[in-house]
Structures are given as structure tokens and as C-alpha cells.
Amino acid sequence: MNQKTLEIFTRDVFLYTTRAGVRDEIDQIVAGKLTEQPTVVVSHSLGTVVAYSVLRTDRRSLRVPLFVTVGSPLAVRAVRDQFRPLRSPSSVDAWYNAFDTRDVVALYPLDADNFPVRPAIENNSTVRNHTENRHGIVGYLDNPDVAKRILNALGG
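Position one of the sequence shown corresponds to residue 78 (this note's numbering), numbered consecutively onward.
Careful, some of the hints might be misleading.
Cβ-Cβ distance ranges computed for the label pairs, FRET-style [to be verified]:
1. THR134 x ALA155: 33 to 39 Å
2. ASP158 x GLU113: 29 to 35 Å
3. LEU228 x ASP89: 25 to 31 Å
Calculated from the structure, these hints are not laboratory results.
If you're wondering where the values come from, they're calculated on a predicted model, not measured in any experiment.
C-beta: ideal position from N, C-alpha, C; glycine also.
Please model the complete structure; the sequences and the hints are all you need to start from.
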């Protein structure tokens, strides 16, 4: 990831996690797209932070058979600490997190040491993201294991 991309990403995460007005407006937009129908939620990068925020606070009877996070910065302390106490969203049946160990945004797995929630999150660190910056969403979604998890959750 080049310096400019990292600066933009870092600024976006900072604004989202520290400015309640920014977070509330973004969360409202995303929450407005969710219904009480079973929904597989697939998220990437800052989108994993937004999706987690929405799913953990939404009061409706959402049903998420699978929550997929790829390239997630949720385990980075500065991000994670904005969501204390940590908890798995009650609407989520299973949480699958995939990351490339070379991805500078997804620095840590969402495991008991870095993101302690129950039930535990299934982590896949075997992804080899082929995009130039090792963080691109295409390099996650075309991974056979990631694609299979999503397809299976969709009933395929």
C-alpha cells in the first residue's frame, strides 16, 4: 500500500471512530439497507468497522447467518478500543474473518488475544492477496476459501 493510500485510509478510520456525527450518519445509511430478512454481510477494510458498529447496536431482529470480514482493522487497538466493551453482535450466527498477513491494514487476527468475543471468530490467515497492495478486496473475494464460505452461506 502506498503512503497516500495509507494516509487516506487512516484519516477515514480516525474520523469514523472519533467523530460521533460522522459515525452516526454513516451507520444510519448502512443500517437503512439492512432488513430483518436473513442477510449474509460481507465487509472489507473500514467497511468491517462500520458493519460491526451497525450490527452490534441495531435494535431490530436482524438475522445474519454469516458475517464476513476481510482485510479488517478491527483488532488494531486504536480502532478496537472505540467499541469497548467488545461483544459479538447478537444477530450474527457465525463470524468469518480472512486476512493476508502481508496486509498492512489487517494487522492482527480477530482472535482471543486481539478481539476477545464469544463465540470465537473463525480466522483464516492463509489468504495470499494478489493485489499490488495486498489489501484489495478483489484479492480477498476471489480466494477459494473465502468465496466458498460466502457461497455456502447463501445456500449455494
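Hint-by-hint comparison with the structure:
{"no.": "1", "hint": "THR134 x ALA155: 33 to 39 Å", "in the structure": "violated, 20 Å"}
{"no.": "2", "hint": "ASP158 x GLU113: 29 to 35 Å", "in the structure": "holds, 31 Å"}
{"no.": "3", "hint": "LEU228 x ASP89: 25 to 31 Å", "in the structure": "holds, 30 Å"}
In summary, the structure is inconsistent with hint 1 from the numbered list given earlier, while agreeing with all the others.
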